[in-house]
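S.K.: Can you make the complete structure from the sequences, with help from the hints?
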Amino acid sequence: MGAAATALVMAAGMAACGAGGNASSSDGAETVTVLVEGGGKAELEPVAEAFTEETGTKVSLVELPYDGLYDRLSSEFSSGSVSFDVAALDAIWLTGFADGVEPLDDMFTDEVQADLFPALVEEAQVDGTFVGMPVWTNAEILFYRTDLFEDPKQQAAFEKEYGYPLAPPTDWQQFQDMAAFFTQDTDGDGTTDLYGTDVKGAVETEWLAHVAQAGSPGMVLDADGNVIIDNAEHLAALDFYTEAVADAPEGASQVDWAAAQNLFNQGQVAMTKFWAHAYPQIPEDSKVKGKVGAAPMIAGDAGIGAVPGNWYLSIPKAGDNKELAQEFIQFAYDHNDLSIDSALGLAARKSAFEKYADQPGYEHFEALIATLEGPATMPRPANAKWQQIVDTALIPMLQKAVEPGADNQALLDEAKAQIEEILG
Amino acid sequence: MSTLEVRKTPTRLLLWFLLGSMVVLYAFPFLYLLLTSFKTPLDALAVPPKVLPDEWTLANYERALSREGVLASFINSVSAATISTVLSLVLAVPAAYGVTRFRTVSGRVFVMAALVTRMIPPVAIGVPMVGMMRALGLTDTPTGVAIAHTTISLPLSIWLMSSFLESVPDELDEAARVDGAGRLAALWYIILPVVRGGVAVTAIFAFLASWNEFLFALLLTAIRAQTTPLVIANFQTQFGLEWGAMTALATVYSLPVILLTLLLQRYIVAGMTLGAVKG
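Taken in sequence, the protein lines are chains A and B.
Residue 424, in this note's numbering, is where the first sequence stops; the numbers in between run on with no holes.
Residue 1279, in this note's numbering, is where the second sequence stops; the numbers in between run on with no holes.
Worth flagging that the hints you see were computed from the coordinates, not collected in a lab.
Remember, it's a predicted structure, so these values are computed and weren't measured experimentally.
Treat the hints with caution; some may be incorrect.
[Stated by the list, open to error] When the alpha-carbon atoms are kept at most 30 Å apart in a straight line, the in silico DSS-like pairs for lysine-lysine are as follows:
no.: 1; chain 1: A; residue 1: Lys58; chain 2: A; residue 2: Lys322
no.: 2; chain 1: A; residue 1: Lys287; chain 2: B; residue 2: Lys1008
no.: 3; chain 1: A; residue 1: Lys400; chain 2: B; residue 2: Lys1050
no.: 4; chain 1: A; residue 1: Lys289; chain 2: B; residue 2: Lys1050
no.: 5; chain 1: B; residue 1: Lys1050; chain 2: A; residue 2: Lys291
M.R.: Right, dumping it as structure tokens:
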């Protein structure tokens, strides 16, 4: 009984304030509260520290899991009362939350726009109004095994079979050739133990990148919101995507980002298309550590194309601290390169990437810049129901498409009907 | 060996098989969680999956426990769960006692109505809860989280305590009152010791409801009062999932409730059988 009473008294004591430190400053200094997804917190920490050092204003970074951040934002925006001054928003949320955030048009000067990749500028606007300032971006680039690509025996064998030198692929045909070539039984035991690439059936972004490379006027939706998922470019991209199943490990329908990253890090595949931030994150115990090269995303008929993974800083209309919030966002833009010196090592401004591109450890930046500037690189459609479209129509369709004997055109037609139903 | 025993043996074997299957079914996910917490990043996500690590490591525990805010979140979880459990019991025991002793129609309706509130999805009351807590100045405090969690545990606590108290004969109350005890004294000194197993079961359910709750903690906390389920979820980011560290922290976080359950096992078993035989 005594122990229970002691525990209760201790719990009551902790309950009064909580054990996690102060959310608002107790020393009278102003505080900017920033809601940020767990993976992005590291990106903002150096900026927050510098902001506090320069202005004396504290920055409280509230870290939430990805899905949780969306739920938290939804509930706070719908309640009309918010607990934060700035929110880091995934690009696909901007349209849905646009009514609840302040316009930032005055921050997007010509100089600012010139230092941002085109897709970031395009995605920052909802109905012609800038609603978020890019804070970091990412894109899938090509990772390849240098120990294989630079092996004279492999080079000779490839050239003999395909009639051109072995080098990181730049287009669909070369990618297919190399994926087929590197699908090998390296130890001669009669079983394939090296695959050319992976096929990610459980995520949609990579297929969308191929849709852009194929030259579609939009991904899934056109500029007017019409569903165009059944057009020739979507079909070409799906055919290209699923043909690689023959040169990929089994179980493509369940392969997501984590699985694909691990297949590559385990040395099971020769090439993977993956988000650029993963380049410096290859584990020390990985079979491929120190043997990986980075190249721009491959090109289709419309050139290099990718889906940028952009994040934006926005200010809630219901916030209490809007001037300070804007000051922080301006500071984050001005000191965008600080984010590169973080666990994720990403930024949003071209100049920030270019500053580091020729430094050791940042070899992937050149490929990332080329990809983000690719003529076919385009953002995902600005539609509030985009996540629902992805979860309900796109991923199930891809999972069926990577199974043997799938009728890709029929699957696209079926997806079109589902998406039209979602959009009403 | 008698015919009866021979006939019993296959049945017993079948029962042992079913029991063993159930144990494997329930224990394997936790065992896999535990084993994953000792794997290297490559092993944790090996394709195809590996049950046993190739190389055993404690690095995940180091990484998980050294993460900023983990200790604070643990203290917050303990605080919120303890307060919520106490609140639930303090409110549920008298409520259930009143309902089972006075046996009015409205009392029966009240117990049913309390149970019906369990059918409302928490997300439906999340938004008004945020506004209410903000108006009371209780956001980002374990007290606010505990009160929110009590809305989940209280209905079940009332219902559980009602079923336990129902099994206690009225004669015990009457005897206490003949000896001069008031209603509350009879409840405290006579009835509660009889149903302490039931109280233990109710307390554990209330504690677990708060300990594992995610949504209200997500909506109501920022920095000061974040609970451990939120910190565990933070290992899943847009850029991937840190399986090793996540499973390490989840393992550590599950230990207190396992210990609590083992500690109170005697009372739990007593509580489970309470009311099974009515005199």
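S.K.: Look at each hint and say if it fits the structure.
M.R.: Hint by hint, here is what the structure shows:
Between the alpha carbons of lysine 58 of chain A and lysine 322 of chain A the distance comes to roughly 15 Å, so the proposed pair stays at or under 30 Å and holds. Taking the CA atoms of lysine 287 of chain A and lysine 1008 of chain B, the gap is about 56 Å. The hint is violated against a cut of 30 Å. A C-alpha spacing of about 26 Å is found between lysine 400 of chain A and lysine 1050 of chain B, which places the hinted pair at or below 30 Å, so the restraint holds. For the proposed pair lysine 289 of chain A and lysine 1050 of chain B, the alpha carbon gap of about 21 Å is at most 30 Å, so the pair holds.
Taking the CA atoms of lysine 1050 of chain B and lysine 291 of chain A, the gap is about 25 Å. The hint holds against a cut of 30 Å.
When each numbered hint is compared with the structure, a violation occurs for hint 2 only.
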